[in-house]
Amino acid sequence: MNQRKGMARIIAATGYSYKGFKAAWKHEEAFRQEVVLLLVMAPLAFLLGDGFTEQVILLGSVVLVVIVELLNSAVEAITDRVSTDYHKLSGRAKDMGSAAVFLALFLMILVWAIKLYQLLV
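Just so we're aligned: 691 in my numbering is position 86 of the sequence shown, and the numbers increase by one with no gaps anywhere.
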């Protein structure tokens with residue numbers, strides 16, 4: 606087992622993260638869609654947000670969707686690694702991951718809807 610320390614550990618961890626982003630981009634359509642959404646909405650968060658706090662909340666709600674999607678994709682990958690045969694626990698794990706993405710998307714929509722409502726009123 607590799608026991609890197611200090612800067613070597615940080616560099617290795619960065620490489621692993623890069624590999625994770627690359628794999629998600631290659632294999633997960635939902636991840637690609639959510640990254641595009643992030644790229645579109647990030648500038649809007651800075652334009653529409655009234656001050657630092659609102660900007661962070663608007664941007665954070667979109668980033669949260671991408672984070673949860675990565676975790677959901679990881680659950681799906683490890684579940685499929687164990688077996689592609691149907692098993693109720695595998696199905697439950699995948700459904701729970703999907704539910705987490707749904708909640709993150711719901712939160713993002715709610716945050717942005719509230720902000721847009723404030724701008725229109």
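It is possible that part of the hints are untrue.
[Stated by the list, open to error] Pairwise CB distance ranges, derived in the manner of DEER restraints:
hint, residue 1, residue 2, range
1, Ala647, Ala617, 24 to 34 Å
2, Gln723, Leu676, 40 to 50 Å
3, Ala647, Leu708, 17 to 27 Å
4, Phe626, Gly665, 41 to 51 Å
5, Tyr623, Pro648, 18 to 28 Å
Hints were generated in silico from the structure; no laboratory data involved. Yeah, the Cβ is synthetic: ideal placement off N, Cα and C, and Gly gets one too.
Each hint tested on the structure:
no.: 1; hint: Ala647 to Ala617: 24 to 34 Å; result: holds (28 Å)
no.: 2; hint: Gln723 to Leu676: 40 to 50 Å; result: violated (31 Å)
no.: 3; hint: Ala647 to Leu708: 17 to 27 Å; result: holds (21 Å)
no.: 4; hint: Phe626 to Gly665: 41 to 51 Å; result: violated (19 Å)
no.: 5; hint: Tyr623 to Pro648: 18 to 28 Å; result: holds (24 Å)
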